[in-house]
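**Q** If you read the sequences in order, they're chains F and A.
Residue numbering for the first sequence follows the working numbering, beginning at 1 and increasing consecutively.
Residue numbering for the second sequence follows the working numbering, beginning at 450 and increasing consecutively.
These are calculated hints, taken from the structure and not from any lab test.
Please note that a few of the clues may not be correct.
[What the hints assert, rightly or not] Okay, derived cross-link-like pairs now, DMTMM-like style, lysine to aspartate or glutamate, Cα gap no bigger than 25 Å in a straight line:
no., chain 1, residue 1, chain 2, residue 2
1, A, Lys758, A, Glu739
2, A, Lys650, F, Glu339
3, F, Lys109, A, Asp923
4, A, Lys519, A, Asp923
5, A, Lys540, F, Asp306
6, F, Lys109, A, Asp541
7, A, Lys542, F, Asp138
8, A, Lys650, F, Glu165
9, A, Lys1123, A, Asp1164
10, F, Lys109, A, Glu739
11, F, Lys109, A, Glu690
12, A, Lys566, F, Glu104
If you're wondering where the values come from, they're calculated on a predicted model, not measured in any experiment.
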Amino acid sequence: MREQKKRRTGSGKINRADSRTKQKKRPATAAAQSRAAGTAVTIPNESAHMPFSPRRAMKKVRKKYKIFSVRGGVDRMFLYVLMALLVFGLIMLFSSSYAVSYFESSGSKSPSSYNYIRPQLIFAALGCTIMFAVSFFDYHHLHKFAFPVLGITLLMLVAVLTLRETSLVPRINGTYRWLYLGPINFQPSEIAKFALVLIFAHLISINYDKMETFRYGVLPYGLLLALIAGLVILEPHVSATVIIVLLAAVMLWVGGIKKRWYLLALLLAVLVGLYMFFFTDKFDYAIPRILGWLNPFNPPEGMEGDTWQTRQSLMAIGSGRFFGLGLAQSRQKYLYLPEPENDFIFAIVCEELGFIGALAVIILFALLIWRGVIISLGAKDKFGMMLGIGLTAQVGIQAILNICVVTNTIPNTGISLPFFSYGGTSLIMLLAEMGVVLSISRTSNVDKI
Amino acid sequence: MAKGTTVRMWRRVCILLVFMAIALGVVIFNLIRLQIIDGEELKRAAIDQSLRPTELTAQRGTIYDCSGTKILAKSASVWTVALEPIHIEEKDKPVVARELARILDMEEADVLELVNKDTYFTYVKRKVETEIKDEILEFEKKYGISRGIQLIEDYKRYYPYGNFMGPVLGFTGTDSQGLSGLEYQYDSELSGTAGRLVTAKNAVGSDMPFQYEQRVEAEDGYDLVLTIDEGIQHFLEEGLEEGIANFNVANGACAVAMDVNTGAILGLATKGDYDPNDPWTIADKEVQKEIDALPEDEQEAAISAALQKQWRNKAISDTYYPGSVFKMCTGSMALEEDIVSEETTFTCNHSYQVSGTGVYINCWSTHGTETFVQGVCNSCNPFFMYLGEQLGPSLFFKYFEAFGFTQKTGVDLPGEANTIYYTADQLNPVELATESFGQNFSITPIHMLAAAAAVANGGYLVQPHVVDHMLDSDGNIVMSADTSYKRQVISEETSERMTKILNQNATSGTAQSGYIAGYQVCGKTGTSQKILEDNLDPTKKHYIASYCGFAPADDPQVALLIYFDEPDPKINYYGGTVAGPTFEKCMKQILDYLGTERKYTQEELEKIDTTAPSVAGQTVEDAVKTVEDAGLTVKIRGDGDTVLEQVPAFGEELPQDGTIVLYTDSESTETTVKVPNLKGLSLSAANQTAINAGIQIKVTGAALTSSSSISQTQDIEEGTEVKPGTVVTVSFVEPDQVA
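Okay, chain F solo, but in the shape it has when bound (with noise of 0.2 Å):
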């Protein structure tokens, strides 16, 4: 009984607010919402939705949407943001490359510093080329393309999991993660994100009013994400499972399933953590890791080597200090901490811009997420609400998680900085994805700053 009326008051609630919504800003538009939410792409009159934008009130007339819209600008705040954050990166990314860039050509014929920056930059201009041509796309073909996008991801994941020791999934670093596909070669469940923001954004969209559901709201999602998970974290790749994970949730919470099922997962977290503590040995080799963690200058036996990384990135954030020790000034990156050039970059950036530097990339961050958030808020839709918040909080979450890692406030897990780490591919699909969110900004109703 109570559990009914609660879930009544509940959805009452939310109807309220909408309907409070409506009356406020533009009446008579229930019809027009639910043939929102349940078809996307025949999307009714624009002008119903963009009450404050004279621009906008004077193209009522289109009814479909055409594959390239220049409709509106897009949102030069959230640009400016994104291009300091890439030209950052990339200069942080020769300054933290030449090095081990340098050392390991050495043996070759011709020894080069540029064999990280070079690569970059061309995939670099390459990403912008496509996030600008993404952005004049219109988002709303993507609801076409989510299904399809899943589908190929899964076909990949499998492929990664079943073609192991072929050309096609060579072995890199001990683990099969990567697809070498010609001249192109790429992460899987780097796609796998997007794929799964795709077919969120698509599903929560199509079916928002049914989220407090457990049929429509919980179980569809539930079984998608175990399918991606779990055939990421066979690979195995955990870092990439916590993303994913993270990222549904986000989307789930904002898309509006009910705060019980949270508590569930944790629950259900909990419990899988006892079985694994009494029944399994998983924990005997998680424990000196933790402890490795807590205590990097003071590993537990066997783990000094597992903490080298670790314990050389404290050294060269606390070798910034405050102002740091000037551009290209790192010690660390002398081969002393592996990976500058990668997941660890954002240590070569607070050793040599010091404090100033960190919190600087820290502001851009805060400040493209949450220009991202805005663009999201003011989506014209709910498809690209969910794909704005979906793929800003993947840059979000990653960024977060990686400077979590190398400033060791978390364990030591495989993540890379947005725009800052080496790696082409994922660069692009980076680009590609923030040219999403500008493609939602040209229509959202923001102050284009």
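Assemble the complex: chain F is given as a structure, and chain A must be docked to it using the hints.
**A** Same frame as chain F, but now just chain A:
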């Protein structure tokens, strides 16, 4: 509010943003903690791990002889060749191995093994000369090899004189640390202070590109200027070698010359020594052969023993019974205590009964009634036993101690041996009697020499030393030897009296083999039987023949001790016979070298040698006149008008009544005669033999003052073809003198 967004979405997004803000807050808090609070500590840790100190080698000081210009030991740059195999390209490896093996004179397979190692650094060869380094650089250039071969500067010690005063100089090890001799004694002064170059290195040890270095310059070691004179050292080394050859000395020898007034050692030669440039090679080829013949498991110990022996500085590490040489000390004590005067008489009946005991000790001869002076000249043991008895144990020991025999002399060389002696209360009559003539206690040659210097210089015990002063790299004197005396042992008067007696001994006594005309030599011989030790053959007797003396008598300057360890008893083993001639030869050279004025007695003037005038190139007539004016006889060979050649040549010594042969045509200059055997003859027989052979002899040693002496050595060997008139130096000794 856009249509897509519901209030719930807004609220939930805001909650997410709060989570994000908390996460960022935590991160920023951590950054503040790491960068600002713990930053200094972490920064230091980062710097520490990247800083590698490189030692800057300080150049080891140079060792000079007393002139301050002749270099006895010097460091010069050499190179260590090392490889960084990991940086050598695979295709270059065979070339590198082949070429390095060729340049460094190594086995190619060995080098190839090093080249193929999977390491960052490995040594190939150390102490490589600069020319070889240049060759390697050239090879690198030729094959375009830019990485992988490292040449590190190092220093190597050079001893320009080779096998010369090795046990004094010592040698250094691979890290330039002094291992023996002066190199060891003055190691810290010579080695200086290594500097440090602190540079930042990357994790694999190569330099970082940024300026980050701190340089503490190396402070070069001090230079040593010795009291040893290279010239005097040469005389001693040559003299010993000759003596060893003449008497087939089995166990090496040493000779020490000392300035009696300062204790400065002018020369210290040890034979059976080695080349400090190559200390690990057994210098004596015979010994090496013997070792090679040994079974393999015994070789290592034998090599080690042979090396220890050749490195040993006998003058300060060997202990021996000084024998009759010590009588100069006992005599001084007795004179000082007024127990005897020069004229006191004593009767030697060959055998002497030690008072209060039934012990009889024999003299080497029977001397009958003799004065004290004669007693010294006869080296009469009973006389000195009697003197010892008169002194008594406590007085004897007081002087024994005062002469410095109970302590190390403190000479600035490593390895000085402890002396072995009886203290005053241990000296029972027999021990006292034997000690009185120099038996039954062990001292080192340097002890004996220091005591002799005290007898000579007015009674002052000086500090023997070999380093005169030390210079820093700017030439400032940083240390000067203390030349003050330790104490006065006997009075100046006693010293003077004893000097006179010893002068007489060297002129007409048992020590006359050391006589040098005009230099008023004072000397005392010593023959001591070695204490039987494990390493000695008990079926044979082993002797040490020594001669210790100083000159000139009126103002003693130089004391010299010659010490032969185990001369062949089949030839001779008496101090006067074995060590005397060497003493004479060395002392004469030293005093000549030092420019000491010769003061001849009337008697000596008659026998003095003269030097040949220069007549070559003159007309025969002029030449004959010049030679005759010099009081010499002329012999002309050939029919020419001018003198083409003269024998002896200008400046050579010849007897006062000698002959100069003038060659006037080319035919005559080609005539030669054979040198006859001149050993084992009396003076007149030797003279006759020489005349018959058409040569002349110059006499040294005992023959100058004694008629019973016989010739012992000749400086040009029998059978050598020489020009008629050539002067052969023949040394004479008094036969069968024991002590």
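**Q** Now tell me if each hint is right for this structure.
**A** Comparing the hints with the structure gives:
no. : hint                   : result
1   : A/Lys758 to A/Glu739   : holds (15 Å)
2   : A/Lys650 to F/Glu339   : holds (18 Å)
3   : F/Lys109 to A/Asp923   : violated (49 Å)
4   : A/Lys519 to A/Asp923   : holds (18 Å)
5   : A/Lys540 to F/Asp306   : violated (35 Å)
6   : F/Lys109 to A/Asp541   : holds (13 Å)
7   : A/Lys542 to F/Asp138   : violated (61 Å)
8   : A/Lys650 to F/Glu165   : violated (38 Å)
9   : A/Lys1123 to A/Asp1164 : holds (14 Å)
10  : F/Lys109 to A/Glu739   : violated (58 Å)
11  : F/Lys109 to A/Glu690   : violated (64 Å)
12  : A/Lys566 to F/Glu104   : holds (19 Å)
The structure fails hints 3, 5, 7, 8, 10 and 11 (numbered hints given earlier, in ascending order).
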